[in-house]
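For chain S, the structure is supplied; the task is to place chain G on it using the hints.
2 protein chains.
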Amino acid sequence: MAEDNKFDIAIIGGGPAGLSAALTGRIRNKNIAVFEHLDFSEKLQKAHKVDNYLGLPEVSGKGLMQHFTGHVLAHGPKLVKEKVMNVFPGDNMFTLLTPQTTYEAKAVIFATGVVSTLLFEGERELLGRGVSYCATCDGRMFEGKDVAVISYTEEGENETVFLSELCRNVYFLPQYKGDFTKMRAPIKVLSAKPKAIVGDGQVEKLVTDKEEIKLHGVFIMRQSDPVENLLPGLELEGEVIKVNRDMSTSIPGVFAAGDCTGKPWQIAKATGEGLVAVLSAITYIDKIDLA
Amino acid sequence: MAEDNKFDIAIIGGGPAGLSAALTGRIRNKNIAVFEHLDFSEKLQKAHKVDNYLGLPEVSGKGLMQHFTGHVLAHGPKLVKEKVMNVFPGDNMFTLLTPQTTYEAKAVIFATGVVSTLLFEGERELLGRGVSYCATCDGRMFEGKDVAVISYTEEGENETVFLSELCRNVYFLPQYKGDFTKMRAPIKVLSAKPKAIVGDGQVEKLVTDKEEIKLHGVFIMRQSDPVENLLPGLELEGEVIKVNRDMSTSIPGVFAAGDCTGKPWQIAKATGEGLVAVLSAITYIDKIDLA
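Residue numbers (full-length UniProt numbering), protein chains in the order written: chain S, 1 to 291; chain G, 1 to 291.
Next up, chain S with everything else stripped away, as it sits in the complex (with noise of 0.2 Å):
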């Protein structure tokens, strides 16, 4: 592997608790990279203002993460805008793909924001065999057939155009406010709410609160995916990622921080868990280093 795609820490977020893990990490000098294929932190993005992050008075959620950016990209950590979809510890090393290409971290930090909700009835049993999180990886196998996208993020947009060079019909379920005029035939765009994914070992047919449509495949693009299918048997507390005090979660290695470590979901306390996961994870590359 190119030694550029290597790192000490892999920061998969770059919200406030992945900017503020990855500002403490390049200022202990480790080899940083940050993974964030949106924009950062499009939630924070939104917010009209924000008065309660001690120090920066009256600030737009913009701003701020302007603020936040300029201090950290100064700081000179690796800014890949790839999508991570696995994580795979190994010896001393975790492997990261994107639909790119492979990454490899000496501890990993999630830090990918609020954990998407319930995941669609039929979702886990069918993933695997006919839904996907990424058209750049699977859309090859639905040449020919018909598939849906359901998505949360103007990236699945693209996804979907993507699909429908290669797909017979491809239904397209934003769940977001947009515009959707240039999505042209075989796209058909459907305002609809997903209820079920069901099929008997594959998927058959997408159930919305309008209709059912029988189909092959069904591709669901969240901000982020459910951490579970990002790393299994990473442990989790409902909905979030199980932490200790320090960060560290029930893999060696794993840390997390942030909205998806859990409420309250506010900046300051993202802040502080990206600094404290990062110092944890720092510690940790010393002593594997040493052993």
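These are computed hints drawn from the structure, not numbers from a lab.
Certain hints may be false.
Since copy identity is lost for identical chains, a pair holds within one copy or between any two.
[Said to hold, decoys possible] As a list, the in silico PhoX-like pairs of lysine-lysine whose alpha-carbon atoms are at most 25 Å apart:
1) LYS287 with LYS263
2) LYS263 with LYS30
3) LYS49 with LYS30
4) LYS6 with LYS193
5) LYS242 with LYS263
This is chain G only, laid out in the frame that chain S set:
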């Protein structure tokens, strides 16, 4: 009790943790008191440069505290420049004693900073038997007698002058650098490190690295007193306050945040914990108000 001595939440300490708690507490419209008897976080103010508080690059410790206090005080918490000596749990209400007066609060947040180093040998056993943390409170018990003041803060100088008006001999042992030329007889300034306080049921002498001094009382002035003396029964973990993920402690209605809950001693950790502590305190208060 006068209504203006009653609060929803009493925050003990005006460093980053206490100020962050006060900020969100006021934004949530609670009646908040911040007890800060010294200048806001002397430790932070002495920091030459802070560069890992996300969003405020390359700021001096003093500048950062000015940003913090300006932001918080604009939201109108009550700032009480008195030292909390004791906290007594009552019926859905805590009583806080300072040398000057008495306050009440429904919930208490400890943000008292780094817990002081180990107690002196004999200190715990002889507390209330000649060992005291407050000259204003206990000075009169030593009229015409011999006392020592071991001080880690300039505040101890005023207490020492006060004692010199009452006592026969006053030994002043500053544990910091300063100009002590204003200290007049009967004050004797000693440049020595205290080792032990000795006595059989009552203080009899102070042992330093240089000599043994016969006396009746020893006053110890630290930036913050040992928490276990402030609120007996509060569970510790080593030297720090034991907290849960929501910053609750072993005593219902008592929360803690910042350096007093353990390392890392960092600003973002403190502000994050302060935020979480105050939100947990508000949830607690809302529950008892409903009951």
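Against the structure, the hints come out as follows:
1. LYS287 with LYS263: between (31 Å within a copy, 18 Å between copies)
2. LYS263 with LYS30: between (29 Å within a copy, 20 Å between copies)
3. LYS49 with LYS30: between (33 Å within a copy, 20 Å between copies)
4. LYS6 with LYS193: neither (41 Å within a copy, 51 Å between copies)
5. LYS242 with LYS263: both (12 Å within a copy, 20 Å between copies)
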